[in-house]
Structures are given as structure tokens and as C-alpha cells.
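Trainee: Sequence:
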Amino acid sequence: MTRVHPNFSNAVASSSSKSDEKLETPPIVLTVWKKSLLFNCKGYTVFDSKGALQFRVDSYSNRRNATEIVLMDHIGKPLLSFRRQRFCFGQKWLIYNGEESKNPIFAVKKHMSSLLGCNKIVADVSRCGETDEGDEYVVEGSYEGRCCCVYDRSKRTVAAEIQRKESTINGVGFGNDVFRLVVDESELDSVVAMSIVILLEQMYPTS
Numbered sequence: 000m001t002r003v004h005p006n007f008s009n010a011v012a013s014s015s016s017k018s019d020e021k022l023e024t025p026p027i028v029l030t031v032w033k034k035s036l037l038f039n040c041k042g043y044t045v046f047d048s049k050g051a052l053q054f055r056v057d058s059y060s061n062r063r064n065a066t067e068i069v070l071m072d073h074i075g076k077p078l079l080s081f082r083r084q085r086f087c088f089g090q091k092w093l094i095y096n097g098e099e100s101k102n103p104i105f106a107v108k109k110h111m112s113s114l115l116g117c118n119k120i121v122a123d124v125s126r127c128g129e130t131d132e133g134d135e136y137v138v139e140g141s142y143e144g145r146c147c148c149v150y151d152r153s154k155r156t157v158a159a160e161i162q163r164k165e166s167t168i169n170g171v172g173f174g175n176d177v178f179r180l181v182v183d184e185s186e187l188d189s190v191v192a193m194s195i196v197i198l199l200e201q202m203y204p205t206s
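Residues 0 to 206 in numbering that gives the first Met the number 0 are what the sequence shown spells out, letter by letter.
Calculated directly from the structure, the hints in this document are not laboratory data. Beta carbons are placed, not taken as given, at the ideal position from N, Cα and C, and that holds for glycine. Treat the hints with care, since some could be wrong.
Taking lysine to any residue pairs in the SDA-like style, the calculated list, with each CA pair at most 25 Å apart, reads [stated by the list, open to error]:
#1 Lys33 <-> Lys154
#2 Lys33 <-> Ser80
#3 Lys34 <-> Pro204
#4 Lys154 <-> Glu186
Pair by pair, the computed Cβ-Cβ distance ranges are [unchecked claim]:
#5 Gly97 <-> Cys40: 17 to 25 Å
#6 Arg163 <-> Asn96: 29 to 37 Å
#7 Phe88 <-> Glu67: 17 to 25 Å
#8 Lys154 <-> Gly128: 18 to 26 Å
#9 Lys154 <-> Ser58: 30 to 38 Å
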């Protein structure tokens, strides 16, 4: 059976080639499986570099366009929840701690120029609250192609990267349902990075 958990060395080699100055802090390498472990559920199962369950999303809703999603840890404890903002042109999602419904901590918005297909920017990520100073991160590339990066907008450093799962076993490819998420946690928490992945799927659905 094809294994979906990461080949750590290959992923690190690919990511570190782009930022040699950060060799002292190895990136977090996660394998994202766009499938719930629960029967008759939609969602995600996320493994760390040792193959241990890290995050999960289990949704009983059959609706393609959900309005509320909860990201949990390996035992099912809610970490963050996402709610789509109503009456907003384009798509904008708010990220909350746990299952709270007040005081969002991040906002993720589909980039307007991506609607016209004329820009490599696909989403903007901003921090919410009194210290909000505009967009903090920007997502560029192709989510559908599983090839995009989350950049710190001011420093232009790569905070996280979505990569195709390039390896095959016995000629069996992983396709778009299994891919890597490589995170520099000195730039961005892996929980927030996974949240961005989930919301990109809502904005640019691939299945």
C-alpha cells in the first residue's frame, strides 16, 4: 500500500535550496491527505515527518461550499475555526481560536486579481485586532497545481510552501489529494499554515 506520510529528507532538500541561510532551523514537514479518517466524512488528515497524526478536519456536511470549518489536533481538540464572512465581494474567511465566534485572529481573502487570472497572487492573509497593519502574508503560485508559497509580505521570505508529493511507489502516483506542506515556524505557526491550506481549497476547489 502506498504510504502517504513524508519523506523528510527529500522535502527538506527541496525547501532548503531556496533559503540556505536558515539551515540552523529545520522546517516542519507535513503530509496533507485530503481525506477524513471517519466514514462518510469529508476533511483532512495531516501527518508529521514521522508519520504521526498531527491535525485533522472531519466534516459531515456534503455541501461543497462550507461556511464553517474546524481544525483539530490528533485527538479531536479544536485548535482553530474558520467562518466565511457574509456579504463580502469575493471570498473572505475569518480565523478564530478554538470554537470561538468573537475576536478573529486572522483574515484570509481571495485576491481580487486572481479572479481575472492576471496575477500570481491567489490570497492575502492579515492579522486581526488593534495591531492590524494590513496584509501580513501573501500566497503566490498555483494551489490547483500544488505549487505555491506563503510569503511574509514585508520581508519577502518564504513562511510556508505547498509542494506536490513527487515520489511514486510501484508506479502509483499520489495525485492532488496527497501533498506536502513545508513550514518555517520561525516565520509562521504550522497550525496557521494548515489553516491557509484549508481555506485555499475553499477558494480554489480541486475536487
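Trainee: Quick one: which hint numbers does this structure break? Sort them smallest to largest.
Mentor: Going through the list in order, the structure violates hint 1 alone and respects the others.
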